[in-house]
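Next come the chains, spelled out residue by residue.
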Amino acid sequence: MLRLDGLRKSFGPTLAVDGVSLAVNPGEVFGLLGPNGAGKSTTIHLAVGLLSPDAGRVEIRGLGPPTDPAARRVIGVAPQSLAVYDDLTGRENLAFFAGLFGLGRAERRRKADEALEAVGLLDRAADRAGTYSGGMKRRLNLAAGIVHDPSLIVLDEPTAGVDPQSRDNILGMVRRLAQRGRTVVYTTHYMEEAEKLCDRVAVIDRGRLLDLGTVHELIARHGGDTTVTITRGRGDHARSDAVPTKDPARTLREAMASGGDITAVRVDRPDLETVFLTLTGRSLRDA
Amino acid sequence: MSPALSIAMNDLRLLLRDRVNAFFVFVFPLLFAMFFGSIFGGGGEGRGRMTVAVVDEDRTPASLAFVESLRADEALAVGGPMSMGQAESLVRQGKTTALVFLPEGFGEASDGLFAGRSLPIRAKVDPSRRAEAGLLTGKLNEIAFRRMTGLFSGEGWRDRLALARDRLAREPVAGPRGEALGTLLDDLGVFYERMESADDAAPDESGRAGEGGGVGGFSPVDVKVEELTRDLAGRPKNSYEVSFPQGIVWGLMGCVMGFGVSLAHERTRGTLVRLTTAPISRGTILLGKALACFVACLLVQAMLLGFGMLVFGIRLDGPSAWAMMGLAVLCSSVGFAGVMMFVAGISQTGPGAEGFGRALILILTMIGGGTVPLFMLPGWMQTAGMISPFTWATRAIEGALWRGFSPGEMALPCVVLIGFGAAGWVVGVRAMKWTT
Ligand SMILES: Nc1ncnc2c1ncn2[C@@H]1O[C@H](COP(=O)(O)OP(=O)(O)OP(=O)(O)O)[C@@H](O)[C@H]1O
Ligand SMILES: [Mg+2]
Numbered sequence: 001m002l003r004l005d006g007l008r009k010s011f012g013p014t015l016a017v018d019g020v021s022l023a024v025n026p027g028e029v030f031g032l033l034g035p036n037g038a039g040k041s042t043t044i045h046l047a048v049g050l051l052s053p054d055a056g057r058v059e060i061r062g063l064g065p066p067t068d069p070a071a072r073r074v075i076g077v078a079p080q081s082l083a084v085y086d087d088l089t090g091r092e093n094l095a096f097f098a099g100l101f102g103l104g105r106a107e108r109r110r111k112a113d114e115a116l117e118a119v120g121l122l123d124r125a126a127d128r129a130g131t132y133s134g135g136m137k138r139r140l141n142l143a144a145g146i147v148h149d150p151s152l153i154v155l156d157e158p159t160a161g162v163d164p165q166s167r168d169n170i171l172g173m174v175r176r177l178a179q180r181g182r183t184v185v186y187t188t189h190y191m192e193e194a195e196k197l198c199d200r201v202a203v204i205d206r207g208r209l210l211d212l213g214t215v216h217e218l219i220a221r222h223g224g225d226t227t228v229t230i231t232r233g234r235g236d237h238a239r240s241d242a243v244p245t246k247d248p249a250r251t252l253r254e255a256m257a258s259g260g261d262i263t264a265v266r267v268d269r270p271d272l273e274t275v276f277l278t279l280t281g282r283s284l285r286d287a
Numbered sequence: 001m002s003p004a005l006s007i008a009m010n011d012l013r014l015l016l017r018d019r020v021n022a023f024f025v026f027v028f029p030l031l032f033a034m035f036f037g038s039i040f041g042g043g044g045e046g047r048g049r050m051t052v053a054v055v056d057e058d059r060t061p062a063s064l065a066f067v068e069s070l071r072a073d074e075a076l077a078v079g080g081p082m083s084m085g086q087a088e089s090l091v092r093q094g095k096t097t098a099l100v101f102l103p104e105g106f107g108e109a110s111d112g113l114f115a116g117r118s119l120p121i122r123a124k125v126d127p128s129r130r131a132e133a134g135l136l137t138g139k140l141n142e143i144a145f146r147r148m149t150g151l152f153s154g155e156g157w158r159d160r161l162a163l164a165r166d167r168l169a170r171e172p173v174a175g176p177r178g179e180a181l182g183t184l185l186d187d188l189g190v191f192y193e194r195m196e197s198a199d200d201a202a203p204d205e206s207g208r209a210g211e212g213g214g215v216g217g218f219s220p221v222d223v224k225v226e227e228l229t230r231d232l233a234g235r236p237k238n239s240y241e242v243s244f245p246q247g248i249v250w251g252l253m254g255c256v257m258g259f260g261v262s263l264a265h266e267r268t269r270g271t272l273v274r275l276t277t278a279p280i281s282r283g284t285i286l287l288g289k290a291l292a293c294f295v296a297c298l299l300v301q302a303m304l305l306g307f308g309m310l311v312f313g314i315r316l317d318g319p320s321a322w323a324m325m326g327l328a329v330l331c332s333s334v335g336f337a338g339v340m341m342f343v344a345g346i347s348q349t350g351p352g353a354e355g356f357g358r359a360l361i362l363i364l365t366m367i368g369g370g371t372v373p374l375f376m377l378p379g380w381m382q383t384a385g386m387i388s389p390f391t392w393a394t395r396a397i398e399g400a401l402w403r404g405f406s407p408g409e410m411a412l413p414c415v416v417l418i419g420f421g422a423a424g425w426v427v428g429v430r431a432m433k434w435t436t
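Chains as they are written, first to last, in our numbering: chain W, 1 to 287; chain B, 1 to 436.
Worth flagging that the hints you see were computed from the coordinates, not collected in a lab.
Don't take every hint at face value.
Unchecked claim - Covered by chain B, per the in silico footprint, the following chain W stretches (three or more residues, Cβ under 8 Å):
id	region
1	12 to 20
2	84 to 91
3	158 to 169
As the list claims (entries may be wrong) - Okay, the calculated beta carbon distance ranges per label pair:
id	chain 1	residue 1	chain 2	residue 2	range
4	W	266	B	265	30 to 36 Å
5	B	265	W	26	52 to 58 Å
6	W	26	B	430	35 to 41 Å
7	B	311	W	68	42 to 48 Å
8	W	65	B	311	56 to 62 Å
9	W	164	B	366	50 to 56 Å
10	B	430	W	192	45 to 51 Å
11	B	419	W	27	35 to 41 Å
12	W	65	B	430	19 to 25 Å
13	W	266	B	353	28 to 34 Å
14	B	381	W	11	25 to 31 Å
15	W	126	B	310	32 to 38 Å
Unchecked claim - On the chain B side, residues computed to face chain W include the following (Cβ under 8 Å):
id	residue
16	10
17	20
18	49
19	269
Treat the numbers as computed from the prediction; the structure is a model and nothing was measured.
Cβ atoms here follow ideal geometry from the backbone N, Cα and C, with glycine treated the same way.
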């Protein structure tokens, strides 16, 4: 659906994107995971044709570069900033954006209401966006990206700074889009979200694509062993052993068999956090 | 709807919803024009009393007496008697509101009132003072009727009735009017006999027939007011013709500022991302933005001119002045749409650039006729002001309004305005940044 080939982009001395190549398959939810300043937004801007790369190329399948009007028609973007007009109502915002895609008057309004419905804002459709809460603006921002029913939807941190209610709504929305066969590219620095939602994840840091795969594959490749920690004894006599293992069940059975007064067991499975730590030597949250 | 058009309509809607912007585009210029128009006096000198120049071509006791009655009136400041030429030029120059002309035959008519003659009084007024012209018509009728009551009262009535009967015999008035007049004269004779015996003054109502009153369309007073077409020597006829072009300058400034920074805000806000990722070209986006500014410039100018014409007596004389005004408004709208692109472009070049853009436009506005009317500026300032597009808009508007520009004279400011627009467009588009 979307193919990036050796993309490179620098801003003055900052190399924001450094040779990123990847291909997003039709119908998948594709995550770009990386800390602040990793180059996620820049990659996305290159992908949708907002920026032109210093090197490399972008192709929307069968339609050429994203600057081509035909390609633009199938792309929907929800930028990281809240790109809506505060002085327009939710419905007016969406109808205006739909109009830019050449939709007629009646069609515009129908699509606007569909998108508002999808993000749960239909009851606030006639209120100005300026009166919306932060989470509601995020949802409207997302709705504005899908109002023209694009097949490739690019979301830049759609859940940044929102309350749990809006977050659930947005994640549900992304899932429904995927179920309807849309392709979603999604940036985040919340690894739980990436783990739950994304079919495949690309890990980016300092402009470089470190690895790409399903969450399982990434953990299998970089997560290392599961750690089983077995504590024996109580109080001052307590003693813990951390055992790295590929097969925690077997490790546990062996521990039980070897006897002793086992008082606690902890199993730490590797996750994307571990993957990131292994790949960069830094924690995702500190990065 | 074409995308450029829907962007333009959206921008205009946003302008109207932004109270502060809308105020500076539409309300402030109007307040400015009304305020400065009024403090410099709606019609030059003679505030309070209406200035009137008298031309007496009759020079009979009756006409002299009428002039004296005019002088005695509190509401009028009377100059003259003078020649028609002098009086007309005073009115044309806006130094006097109106001239009152008593033609030859005024005295004779006043003697022949009962014989069906009406008292001829002519006036010519400055067309920009229509409201005052209405007042003058009323005044002239009032004074004429007051004088007629004077004729009826006092001792002279027996002679006048006799004179009138004589005249009617010599030059009979045909038809029912003649008969009516005969009856009137008879009745008047009876009336005065009785009045005298009652030793009472003549009732005031006797003369209050008003215009168009009287028997069979006959009115004893014949006041005709015409407008004196304006002088093309190029002077504003009233202070509103100066203040409304100034108001237009502020309105244009409001448009330039409002739309110029809106583009920068769209960029920081991210809505520009939506526009640029839509299947439309960047040229279309800019065209939509420029179109919005163009339409707002047209609207603000039309609104100010319309208001000035309807309420403050500014006026365009004849189709050619209208055509010149159309051209002036069109060219300044095109020009300032371009200037807006310039502001939009430089507002994006970095922090502080927006403030710089605002300051620059404010200075250009002030030296371009926004504060002190151009023709009042010292010569070197007028020269310096030529770097401001506002100067040229002022010149074009004034050219149509009161400078009486010919198409040839209008060409210069129009070409300069379009030039500013084109230059602004080129520089602005080059400086434009599309992403944060
Ligand atoms: N317009 C720009 N001018 C200069 N530097 C920029 C610009 N845009 C991005 N950068 C730099 O490029 C790098 C990548 O930025 P980018 O916005 O792509 O990161 P990100 O992964 O989206 O971060 P975040 O999670 O904070 O959104 C950063 O170092 C940033 O400072
Ligand atoms: Mg980002």
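Verification of the supplied hints:
1. 12 to 20: Our answer is that it is violated, as 0 residues pass the Cβ test (under 8 Å) against chain B, missing three.
2. 84 to 91: That given contact holds, which follows from 4 residues of the region 84 to 91 of chain W lying within Cβ reach (below 8 Å) of chain B.
3. 158 to 169: violated (count 0)
4. 266(W) to 265(B): 30 to 36 Å: Because 53 Å falls outside the window, the suggested range is violated.
5. 265(B) to 26(W): 52 to 58 Å: violated (37 Å)
6. 26(W) to 430(B): 35 to 41 Å: 40 Å Cβ-Cβ, so the 35 to 41 Å window holds.
7. 311(B) to 68(W): 42 to 48 Å: violated (55 Å)
8. 65(W) to 311(B): 56 to 62 Å: holds (58 Å)
9. 164(W) to 366(B): 50 to 56 Å: holds (55 Å)
10. 430(B) to 192(W): 45 to 51 Å: Since residue 430(B) and residue 192(W) have Cβ atoms about 46 Å apart, the given range 45 to 51 Å holds.
11. 419(B) to 27(W): 35 to 41 Å: violated (55 Å)
12. 65(W) to 430(B): 19 to 25 Å: The hinted range 19 to 25 Å holds for residue 65(W) and residue 430(B), with Cβ atoms some 24 Å apart.
13. 266(W) to 353(B): 28 to 34 Å: violated (58 Å)
14. 381(B) to 11(W): 25 to 31 Å: Given a distance of about 45 Å, which is not inside 25 to 31 Å, the answer is violated.
15. 126(W) to 310(B): 32 to 38 Å: holds (36 Å)
16. 10: holds (5 Å)
17. 20: Given a least distance of 11 Å, the restraint on residue 20(B) is violated.
18. 49: violated (51 Å)
19. 269: Where the cut-off is 8 Å and the nearest Cβ of chain W is about 6 Å from residue 269(B), the hint holds.
Hint check: violations occur at hints 1, 3, 4, 5, 7, 11, 13, 14, 17, 18; the rest are consistent with the structure.
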